[in-house]
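Protein chains: 2
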Amino acid sequence: MEQSKVRSARDEANSPTSKLVQFGADKPLKLGSGSLLSPFQIAYQTEGELNADRSNAILICHALTGDQHVANVHPVTGKSGWWEMLVGPGRPIDTNRFFVICSNVIGGCMGSSGPATIDPATGKAYGLNFPVITIGDMVKAQAMLVDHLGIDQLFAVVGGSMGGMQVLEWAHSFSDRVRLAIPIATGARHTAQNIAFNEVGRQAVMADPDWCGGDYIEQGRHPAKGLAVARMGAHITYLSEAALHRKFGRNLQDRNEITFGFDADFQIESYLRHQGFTFVDRFDANSYLYLTRAMDYFDLAAEHNGRLADAFRGTKTRFCLVSFTSDWLFPTEESRMIVHALNAAGASVSFVEIESDKGHDAFLLDEPEMHAAVHGFVNAAARQMGIGE
Amino acid sequence: MEQSKVRSARDEANSPTSKLVQFGADKPLKLGSGSLLSPFQIAYQTEGELNADRSNAILICHALTGDQHVANVHPVTGKSGWWEMLVGPGRPIDTNRFFVICSNVIGGCMGSSGPATIDPATGKAYGLNFPVITIGDMVKAQAMLVDHLGIDQLFAVVGGSMGGMQVLEWAHSFSDRVRLAIPIATGARHTAQNIAFNEVGRQAVMADPDWCGGDYIEQGRHPAKGLAVARMGAHITYLSEAALHRKFGRNLQDRNEITFGFDADFQIESYLRHQGFTFVDRFDANSYLYLTRAMDYFDLAAEHNGRLADAFRGTKTRFCLVSFTSDWLFPTEESRMIVHALNAAGASVSFVEIESDKGHDAFLLDEPEMHAAVHGFVNAAARQMGIGE
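Chains as they are written, first to last, in our numbering: chain A, 658 to 1046; chain B, 658 to 1046.
One or more of the hints may lead you astray.
Identical chains blur together in the list; that is why a pair holds if it fits in one copy or across any two.
Stated by the list, open to error - The calculated SDA-like cross-link candidates involving lysine to any residue, where the alpha carbons are at most 25 Å apart (straight line), are: (1) LYS687 - ASN753; (2) LYS904 - THR894; (3) LYS797 - PHE917; (4) LYS687 - GLU914; (5) LYS904 - THR989; (6) LYS973 - MET801; (7) LYS904 - TRP985; (8) LYS904 - PRO988.
Keep in mind the hints are simulated off the structure, nothing from the lab.
Could you build the full structure based on these sequences and the hints that come with them?
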């Protein structure tokens, strides 16, 4: 994509180039907090064609800093889709065969209603007046989109990290509407350490005076420095010590000597700075607060007196879980806990732990074993149902 | 200690209540960067008595946010010594038997020359005009203090984390002056992941507009928010997932329900905020930059073409290394690498990996196995040398 075609994040947040569905006063979103969000809109992309009996729809759920541009060029960054290795024509999730839907989560900043959205009641950006949302709210909104598309049952719901939380929530709240659930590199709750890292990120954003108590859009400012720090810290947790050692080690920048100063001497430093600075051009700082908060609040077992198995009793959904050995944000143990609960609930479960040194980010990368696992699982069920190749 | 007796960090930085040695123009500190630091001063504490043949001195080296108040009440916080479980009368390092020295590192902020020190040449705080220093520079300055105290050879040098780096540097640079070296929870180099975490902390400080390009003291400001964020992030790396889970889990604050907001709902959040906010009252933001930088630069093998064993060839120092199973900042692997190098160099080495779920911070906590290991090692050698009990 040429640079000239790239749109600003602000444009995209309020008048997205994606498909859009708007829910008016008659269809409010009833939030976990008890408040109503109304009106609201969902921006989404689709790939492939819905078949005649509407049985080939796959919903992809995105992670914290992802969006609906799973398999198409991103309108703001100009980069290709974030999961195009998994989703596309001839890919493990083959868009020649399946109708793929991916929507920006509620609270996000790529066109679905979120804190950067103009509140029609005031004509100003919501900022912190946007209600705090949960993973359950994101999924409820997605269910309304799926209704809107005239689809009763999804063939599969697939996602990693925060996307995986949504997959679990779908299987929990809308069990009858999900044939296959594929939660990848995720957990049924956010751990204390994960909450801790999120809190540091939020404090970094809120410490930035340009955050203006959340009102930066109306005040024409941008808490870029705070958001960049938040992103840098989080980014470390997406990688692994082994991957950092392999990619960067203690390598210095091209001048190849230390400067005895505070510039980026080490390659890992300039890499992280780059991650921070590019992120702030495409992401809304308040969305970062809202989405990390939704992750913190997620705890499927808590709604069932701590018994995770009770979240899935009687389910007919078939599960395939994937974890990665070097993922320390959502370690295998978190997936195993879900597998045990699903077993206890009598559900059909496959589970694969993939050997990788790439850390949590592995789910977004070229991991042939993951692609093979997803493809095999999806393919076998599709064949059974007679969904044509 | 009563609150009224507590002094301000700024007072303590420039006119410490500790003992002080000043080195004038005739005794500059030749820095690793090539510059000279002159004049400079070292603030230090001692416990116990130096014996007649000056053979019972133990130097304790402090970690990043520690200082010389290893076994005495802290003049700023009013808290007891940071290693008083290890050092004191009747303790594993028994001050009835040993003469214990602990000095604030060069670059620190508790009385030794650092960026918060008033530069006598200008009458203003150094700020970023203070030269960037290395672990080697800290140790050179300590050696000048040890000279000043009339001690040729230290019975032992002991420290954890950044303190352990200094122990290794002592054994490397002043091998003949160190009988026993006890590096705890440390490494012979900072890893890419550790550099990454330090860099995020530095960026958090420097993103704070109250940092003023390092000139905040002269401008009467204080980058408290940025430094608090840095501390919060670093603090997570000092603990372990298991310890966080055991201490906090997903426990909520006393109202025991989530607020659907951005206040501290979870106990881990308020704990981290407390860690951040109390830290900024006792620590200088520029010192944080300088000391993290010194850690990043540390790489003993690099001076020997990557052969760590060559850093210790011919050494007569006896080593005892300690690591903790749940320490992911300086994992056991880093200690084992040092042990292998020492073995290859033909040195005398003991090594103990201690089972603990407390993470990196274990070295500061009540870890009887660590205390027993240090006591046993020190005691056996003292008995051999006829240092009285």
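Status of the hints after comparison with the structure:
no.: 1; hint: LYS687 - ASN753; verdict: neither (35 Å within a copy, 69 Å between copies)
no.: 2; hint: LYS904 - THR894; verdict: both (15 Å within a copy, 21 Å between copies)
no.: 3; hint: LYS797 - PHE917; verdict: between (53 Å within a copy, 17 Å between copies)
no.: 4; hint: LYS687 - GLU914; verdict: between (58 Å within a copy, 19 Å between copies)
no.: 5; hint: LYS904 - THR989; verdict: both (23 Å within a copy, 22 Å between copies)
no.: 6; hint: LYS973 - MET801; verdict: within (22 Å within a copy, 74 Å between copies)
no.: 7; hint: LYS904 - TRP985; verdict: both (18 Å within a copy, 19 Å between copies)
no.: 8; hint: LYS904 - PRO988; verdict: both (21 Å within a copy, 19 Å between copies)
Violated hint: 1 only; the structure is consistent with all others.
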